[in-house]
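Residue strings, one per chain:
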Amino acid sequence: MTTLWQKILKTPVVTEPRAVSPDADIEVLLKQIDARARQRFGRSLHIRQVDAGSCNGCELEIGALNSPYYDLEQFGLHFVASPRHADCLLVTGPVTRNMADPLKRTYDATPDPKIVVAVGDCAHDCGIFKGAYGVAGAVSEIVPVDVVVRGCPPTPRAILEGIFRALEQEKK
Amino acid sequence: MVTNILLELAQILTIALGAPLLVGVIRKVKARLQGRRGVPLFQPYHDLRKLLVKEAVISENTSWIFRFTPYLLAATMLLSALIVPLLTTLTPLGWMGNIIVLMYLFLLGTFFLALAGLDAGSAFGGMGASREMAVAALAEPTVMIAIFAIALRAGTTSLDGIIARSAADPLLILNAGHLLAFAAFFVVALAETGRLPVDNPATHLELTMIHEAMILEYSGRHLALIEWAAGMKLFLFLTLLANLFVPWGVATSTSPDALGAAFVALVVKVLLLGIGIALLETAVAKLRLFRVPELLTGSFTLALLAVITFFFVR
Amino acid sequence: MMMDDALMQSIFIWMCACFGVGAIGALVTSRAPNLARVVGHGLALLGALSALALAIAGLAGGQVQVVLPELLPLGGGVVLGMDRPSAFFVLVIAVGAIPATLYAIGYTRAYQGKHSLAALGVTLNVFLAAMVLVTMARNVLTFLFLWEAMSLASYFLVITESQDPETERAGLIYLIMTHAGFAMLLVGFLLLANATGTMNFAEWNARSGALDALTRSGVLILLALGFGSKAGIIPLHIWLPRAHPAAPSHVSALMSGVMIKLGVYGLVRVGFEWLGIGEAWWGGAVLMFAALSAVVGVLYAMVDADLKRLLAYSSVENMGIILLGVGAAMVFQSFGLSALASLALIAALFHTLNHAAFKSLLFMGAGAILHAVHTRNMEAMGRLIKKMPQTAALFLVGAVAIAALPPFNGFISEWLTFQALLSSFQIPALVYNFMFALAIAALALTGGLAAAAFVKAFGITFLALPRSAQAEQAHEVDGWMRAGMAILAVLCFGLGVAPFVAIEALQNVTTELVGAPAAVTFDWKELAVNNAFATVSPFWIAAGLGIFLLALPLGLRVLRANTRRRYYETWGCGRAVQTSRFEYTATAFANPFKRVFKALYRPVKQLDIEFHPESRFFVRTITYRNETRSVVEDAFYAPIYRALRWLAREARVIQSGNVHMYLLYIFIALIVLLLMTR
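Chains as they are written, first to last, in our numbering: chain A, 1 to 172; chain B, 173 to 486; chain C, 487 to 1164.
Any given hint could be a false lead.
Unchecked claim - Derived pair list, reagent style SDA-like, types lysine to any residue, alpha-carbon separation capped at 20 Å:
1) B:K202 - B:L444
2) A:K104 - A:G134
3) A:K10 - B:G207
4) A:K104 - C:A1062
5) C:K873 - C:N863
6) C:K600 - C:A518
7) A:K7 - B:K202
8) C:K1084 - B:R463
9) B:K202 - A:P68
10) C:K1084 - C:E1055
11) A:K10 - B:R209
12) C:K872 - C:E1055
13) A:K7 - B:R463
For the record, the hints were derived by calculation from the structure and aren't laboratory data.
No experiment lies behind these values; they were computed from the predicted model shown.
So here's chain A without its partners, still in its complex pose:
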């Protein structure tokens, strides 16, 4: 117990400031939500991560977002367990045949308004698994996708940037 408290008291806040990632490859496909929703989501976004058959490389990067260095909670983002509580679906993986239906159901279980962010080359166009026998199609073929963050895997900064891009106001 004492070692724990000594460690807590000695360690400072290690969160790094938000910086734009130079190699972020982000593509905005749709804008599913209206301005009012976008303004509210800008302050508080609950995210449900769906693994549609990925190799877990993207999951490791997404997991890093929870760490004290990136700390996505400081922006009002928060991961949730139930799609009913979610505003944003973060989908990874080439959608495999077995996960196509569950992904659709997860999308339908999420209340409107909602956005979908596809993370990784696999989510964009099945990546290196394109044409494989176990793959049903890219994420945008199963559910409507707002933003795609390409990379294999994309960096946590890029993923964060992608989420923010989905919430940006309409460009003049």
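Given chain A's structure and the hints, the job is docking chains B and C onto it.
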């Protein structure tokens, strides 16, 4: 008459609007202890505002009980906010109930929440309902014996009366029975509001959930009401702990100066308790579900010891 | 308001006439079952209504005296009288009987062709009449005769569905236990009558001072055992969870809601009137057994998957709660704290009335479910709220009331019981202070567990998906049954919001029994105990909840919240199939309790897996048994039973078959008798 209405309005607004801030403070402190910048302090307000623009997706298996429960939960908390002596020992509606009434109002909310958990027909909801009722049932004896202990000393079970008589005694904080009753009530507060070590409010693993498991099916405005009611329950428990056991600062009249000072005292006490909870949550791990009864039995023993102490030190 | 005694006399005669004509009428129309059903139950309803009138008149102070020395040539004949305590219990009977008879008109329709409706009509009328007259009995033999009539009538009602061996066995155990209790009562009454020199109840209080301590305590123990077995206190409760589920539902409602209260009636008479001011340890013993019954009763209710047995165990629990109040009152009385004794007794009697209301409601609801789904097993139910919406709503009222939650009546009586127990610090003896602390803890635990048990009872039965084909095809029940339940639901709410009506009447009753009024002040908006020791406002709590429930949707509207509602499947982690197999079951719901209290349940687990003969990786069948055993039956009754069997075996020696031995026995008996009567 006008003072009374204003006073009750102030009480209800403090609880209703202050609950999300309390939750935000606890989360912020926990984040800072973990070395992260953490959630903005007013985040729970943004969460609630956002939930109000979302639609409610409702399971086809549910009945009217599912849609009714969030409103009932919020209503019981708001009603309790009227009765709890927040600022003064002359709470205008304090005669509506004593502490037993409060505990049973909370139990009413829990009862319907458990039913709502069973309503959707999912295994998670049933599991949450079963565990929540088990924890609530096992926490009841501790609550009642702790109340007995403090009522013994004060000669009354009316909340205002207990505070009035305790505030008159400056050596109260050194009384062993009083401290024991405080410890027992603190453990019960943790159990009833779903805090570590009984339940982790931030967990994503359904098998470790108690309170969260029952609300997995809720969305939109219903979820907003339930989260708000949970925040209010925490605020109410901390207010009870603060004002019943550390009664200094509570106004004994309804003059504006006394009330102002009482408000500041309340804020300080509740914040301290909240930070204490955050520290506790960082230090301990969640107990295995079947170890929770041991914890509650331990707190029951503390409460019983408090009663025995009061009998011997009349 | 003084009721004209002649009027009361006529109400009494009218009531007896209704029950009498009901019984005879049912018998006479036995060839036309439909007519027998309506005549028998309709006249029972009229009799119950007149009983209500009689009770109200009695509570207002009216008197009625009936002396019939020629009906029973010894012990002073048949003497019936009415005072306030009797009137209150007649009120309880009426509150249970009126809805039950109304309900029965519809419910017994299903028995047409299978069982004799005439028999049902006759026994029901005899049962109700016996119960009302028992509370009015004023001497030993009248009381015992009517008590036995009541027990026999209820036995015949219990074994209505005698084609089921479980029912027959239940009836047998009920018969044995009720007669064991009767034996205790007989010995106790005769001892007391012998010691005081009179068989009249009214004279016992005055002459109780002449008794020595041993006789007094002995009589108390015997009478407490007798009345306790009728009330269903641990360890004399074993007939309750067998007989109440086996009986037809309106009979279960009457037995659980009304008949077992007569055990309380007897205990109250013994503790406060017949033996004078009692010893402190009498009250302490009642308190401890009551606490035990309350906790053990609800624990068994928690793990039961049979809906009616759950309700029966819950009756054991509530009798425990009632007797907590009675025991507390006895202790307070023995220490001279009469005002507190009155308070505790008000709490106990109010809970008696409330329990009659909500337990009858719950049993009638269970009967409606049984009618629709043809099973009592909760594991085969589900989604009944969609098929039987009104029954569900009425059952919910009963469940919330029995869980002692505001704004219903159970909350007020449990609150009052808590206040009475919390006031115990005024007792100067440390042992009793500690006992009361344990009683408070027991009551609190019971309250929480009861809430859990009724979440299970309502949730598993009515909510989510149907777990069997019968549940899918359920339908709402007819108007008679719903009317009976609705009356009680309204009463539960009414007594919860305006309890002062009942408490005013109870104040008079307890003042008569204890000698001093309770320190309770009440008006339509507030109930205060012991000069602001505790206050509650039942009306404003209900009103407050109502106001907030209406204000919240308006508030959401003002905040321009999204009011859309979309229906979709339950979240099952994306799983394609959602059937009732994925739901929680009653057994699963009770699992945490089974594990925490396994010292009481002694669960026996048995797991048999049958593998495919060719490979251990393939499983043919799995059989899983998880049984809870009754500690009371294992530890208490089994040894008694074994001892009795041993005794019976050894005594067989007397039956030698030899005529000369038998002649010798007769000769010896004659000599002994002659010597004894010299």
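A quick look at each hint next to the structure:
1. Between B:K202 and B:L444 the CA atoms are separated by roughly 14 Å; this keeps the pair inside 20 Å, and the hint holds.
2. A distance of roughly 17 Å separates the Cα atoms of A:K104 and A:G134; the hinted pair therefore holds under the 20 Å criterion.
3. The hinted pair formed by A:K10 and B:G207 meets the criterion: a straight-line CA distance of about 10 Å does not exceed 20 Å.
4. A threshold of 20 Å between alpha carbons decides the hint, and for A:K104 with C:A1062 the separation of about 11 Å falls inside it, so the pair holds.
5. Only pairs whose Cα atoms come within 20 Å are accepted, and C:K873 paired with C:N863 is accepted, the gap being roughly 17 Å.
6. Only pairs whose Cα atoms come within 20 Å are accepted, and C:K600 paired with C:A518 is accepted, the gap being roughly 14 Å.
7. Using a Cα cut-off of 20 Å, the hinted pair A:K7 and B:K202 holds, with the two alpha carbons roughly 14 Å apart.
8. Proposed proximity of C:K1084 and B:R463 is supported: the alpha carbons are some 14 Å apart, at most 20 Å.
9. With a C-alpha separation of about 12 Å, the suggested pairing of B:K202 with A:P68 holds against the 20 Å cut-off.
10. At most 20 Å may separate the alpha-carbon atoms for a hinted pair to count; C:K1084 and C:E1055 exceed this at roughly 37 Å.
11. Of the supplied pair hints, the one linking A:K10 and B:R209 holds, its CA atoms being roughly 15 Å apart against a limit of 20 Å.
12. Distance hint between C:K872 and C:E1055 is fulfilled; the C-alpha atoms sit about 17 Å from each other, no more than 20 Å.
13. Our distance criterion of 20 Å between C-alpha atoms is broken by A:K7 and B:R463, whose separation comes to about 28 Å.
Against the hints set out earlier in the document, violations occur for numbers 10 and 13.
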